[in-house]
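Q: Sequence:
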Amino acid sequence: MTVPVPVRGLAPGRADLWRLAAAVGLGLVLIAGAMREGPIEGPRGVLIVAMGGAAGVVVFLAPVATALLLLLASFFRLAIHVSGLPAEPMTLLFAALVVAVAIATLRGTIRLHFGPLEAVMLAYLLWNVVSAVWPHVYPAAMPLTGEPIVIYRFIMMGTVFPFAGYVVGRALFQSASRIRVLLFGVLGFAAYSALVSILQFTGPRALVWPKYIVDKPSWPERAVGVFDQPVVNGLVMSMGFIAAVFLAKDRSLKGWQRVLAGLVAPLCAVGIYLTHTRAVLIVFGLALVLCAFIAPNSRSVFAGSLIGAGMFVVAEWATIASADRAEGGLGSPSEVQDRLNMIQTSFWAIREEPIVGWGIGRFAQVNTHHHQQWATDINWTRGYGYSSHENELGIAVELGLIGLALWLVVLAMVAYQIVRAFRRLPRAGVDGRTIAVLAVVSVVVWVGSGATVDMRYNDFVNLLVFLIAGAAVGASIRQRDEQAGKAREPAGAST
Numbered sequence: 010m011t012v013p014v015p016v017r018g019l020a021p022g023r024a025d026l027w028r029l030a031a032a033v034g035l036g037l038v039l040i041a042g043a044m045r046e047g048p049i050e051g052p053r054g055v056l057i058v059a060m061g062g063a064a065g066v067v068v069f070l071a072p073v074a075t076a077l078l079l080l081l082a083s084f085f086r087l088a089i090h091v092s093g094l095p096a097e098p099m100t101l102l103f104a105a106l107v108v109a110v111a112i113a114t115l116r117g118t119i120r121l122h123f124g125p126l127e128a129v130m131l132a133y134l135l136w137n138v139v140s141a142v143w144p145h146v147y148p149a150a151m152p153l154t155g156e157p158i159v160i161y162r163f164i165m166m167g168t169v170f171p172f173a174g175y176v177v178g179r180a181l182f183q184s185a186s187r188i189r190v191l192l193f194g195v196l197g198f199a200a201y202s203a204l205v206s207i208l209q210f211t212g213p214r215a216l217v218w219p220k221y222i223v224d225k226p227s228w229p230e231r232a233v234g235v236f237d238q239p240v241v242n243g244l245v246m247s248m249g250f251i252a253a254v255f256l257a258k259d260r261s262l263k264g265w266q267r268v269l270a271g272l273v274a275p276l277c278a279v280g281i282y283l284t285h286t287r288a289v290l291i292v293f294g295l296a297l298v299l300c301a302f303i304a305p306n307s308r309s310v311f312a313g314s315l316i317g318a319g320m321f322v323v324a325e326w327a328t329i330a331s332a333d334r335a336e337g338g339l340g341s342p343s344e345v346q347d348r349l350n351m352i353q354t355s356f357w358a359i360r361e362e363p364i365v366g367w368g369i370g371r372f373a374q375v376n377t378h379h380h381q382q383w384a385t386d387i388n389w390t391r392g393y394g395y396s397s398h399e400n401e402l403g404i405a406v407e408l409g410l411i412g413l414a415l416w417l418v419v420l421a422m423v424a425y426q427i428v429r430a431f432r433r434l435p436r437a438g439v440d441g442r443t444i445a446v447l448a449v450v451s452v453v454v455w456v457g458s459g460a461t462v463d464m465r466y467n468d469f470v471n472l473l474v475f476l477i478a479g480a481a482v483g484a485s486i487r488q489r490d491e492q493a494g495k496a497r498e499p500a501g502a503s504t
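To convert, note that position 423 of the sequence shown is 432 in the working numbering; the numbers rise steadily by one, no gaps.
Hints are not guaranteed to be accurate.
Label pairs and their calculated CB-CB ranges [unchecked claim]:
1) Gly-317 <-> Pro-157: 43 to 51 Å
2) Thr-377 <-> Arg-489: 45 to 53 Å
3) Trp-326 <-> Ala-111: 49 to 57 Å
4) Leu-216 <-> Val-345: 34 to 42 Å
5) Ala-104 <-> Val-146: 39 to 47 Å
6) Glu-361 <-> Pro-435: 50 to 58 Å
7) Ser-309 <-> Arg-116: 40 to 48 Å
8) Glu-361 <-> Gly-271: 48 to 56 Å
9) Lys-225 <-> Pro-435: 46 to 54 Å
10) Pro-157 <-> Glu-344: 25 to 33 Å
11) Gly-271 <-> Leu-216: 18 to 26 Å
12) Glu-361 <-> Ala-312: 47 to 55 Å
13) Trp-228 <-> Lys-495: 50 to 58 Å
14) Arg-116 <-> Met-151: 43 to 51 Å
Bear in mind the hints are in silico, worked out from the structure with no lab data behind them.
Note that beta-carbon positions come from the ideal geometry of N, C-alpha and C, so glycine has one too.
Sequences and hints are given; from them, build the entire structure.
A: Structure, rendered in structure tokens:
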């Protein structure tokens, strides 16, 4: 079912561009102030809040700008802390996006779609809420520290953000101009991630922000990026590498824009290697293989990159196969044992509570009170008390087989929509196969990364991946509707 409103203004006009520029400018001022000052109180805090209110007035009338600002706030979520606000900037901008989309829908400038996929998304979201309020054996808290898990934020990051991203991407990012803006956004996020990843090891460290990347990274021997997490950092750079190649080959862009995109691609490749993480390198290699087969007008670039990466691995195999992460080694038996024990714990937990699960946010509790051992030759303490390191198993343990089934149906239906969009869209143009290929690759690397980490904790990539998927589907539907309209024109003109 589609909301029956007329579709107008899909391509941004001059007023839309002015609102976009004003909103982005105000957002950057706010973020710059927060970066420089940290927590702000008193008159300066009032000023920041006032500027935020002014930005809110602007973004309410520009949902595209609001979506981009939300991505920006989510990207820097760990680094930005502004006291005195009723919620963190990311949450406030998400609320602004909801209002902006609602206003645009009422004005008839966009249309929202509610079909079988959206219905299953809603059912999965409601199941998360039911699990949050249902009584469970263990509290939603980290058992080893007692730190509570804020369930509503957990649901927002792992469920609301990706689903809203798909809906917004489908409704807003349909035209070539807006998809190009989205691609440059991906390029910018990946370029920043690559630069701080390289500077983390080469310096000068004074240029790195946020400072926890160099002062107190959770993994000192790996490129953690602004997320302080090497897998998510590598995922963003993998997506950025693909976007950079596409933009560098886009002849509709200015020369300097293509050169800039061409420079970002090798930076991302270096940053990906510096994560020193097997999962990152595997999904990046998988992305190159996929693009070498399905990418329009760029297959030779991806094939050449794949060959170059293979030659590098062969030449550096002795180092890569070692367990010395600081030197680029990927061997880590202890991490494998962690995951094996957690997998065994997951299987036990699913057998014990197969239908409704142990409760959302309770995996670490189960893994503490009922920790299992994969085999007798694996140390029992490996993986003890950790949160889930596998996305689907974490869902099955916490939400039961009902939650897992709903989630898998969502993934299957999103995949079907993307494949159908890929087949419908023309080969040429960023609103053609380019966005479709990026959507395919993004979802594949996102699902692949979920085999080693619980993606529900990572709001930015959840939002971005599903936003790109929605954009691909929206572009295909827009072009289908335009073709159908052209096909009806001669008959209408003759009557």
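Q: Against this structure, judge whether each hint is valid.
A: How the hints compare with the structure:
1. Taking the beta carbon of each, Gly-317 and Pro-157 are about 47 Å apart, inside 43 to 51 Å as hinted.
2. A hinted range of 45 to 53 Å holds for the C-beta pair Thr-377 and Arg-489, which are about 51 Å apart.
3. Separation of Trp-326 from Ala-111 is about 55 Å and conforms to the stated range, judged on CB atoms against 49 to 57 Å.
4. Between Leu-216 and Val-345, the C-beta spacing of about 35 Å keeps the proposed range 34 to 42 Å intact.
5. The hint said 39 to 47 Å for the Cβ distance between Ala-104 and Val-146, and at roughly 34 Å that hint is violated.
6. The beta-carbon spacing between Glu-361 and Pro-435, approximately 52 Å, falls within the hinted interval of 50 to 58 Å.
7. For Ser-309 paired with Arg-116, a C-beta distance near 45 Å keeps the hint of 40 to 48 Å intact.
8. Checked against the hint of 48 to 56 Å, the pair Glu-361 and Gly-271 passes, with Cβ atoms roughly 54 Å apart.
9. In this structure the hint that Lys-225 and Pro-435 lie 46 to 54 Å apart at CB holds, the actual value being about 49 Å.
10. In this structure the supplied range 25 to 33 Å holds for Pro-157 paired with Glu-344, their Cβ-Cβ distance being about 27 Å.
11. For the pair Gly-271 and Leu-216, the supplied restraint of 18 to 26 Å holds, since their beta-carbon distance comes to about 23 Å.
12. The given range of 47 to 55 Å is respected by Glu-361 and Ala-312, whose C-beta atoms sit roughly 48 Å from each other.
13. In this structure, Trp-228 and Lys-495 meet the distance hint of 50 to 58 Å, their C-beta atoms being roughly 54 Å apart.
14. Under the hint 43 to 51 Å, the C-beta atoms of Arg-116 and Met-151, about 45 Å apart, fit the expected range.
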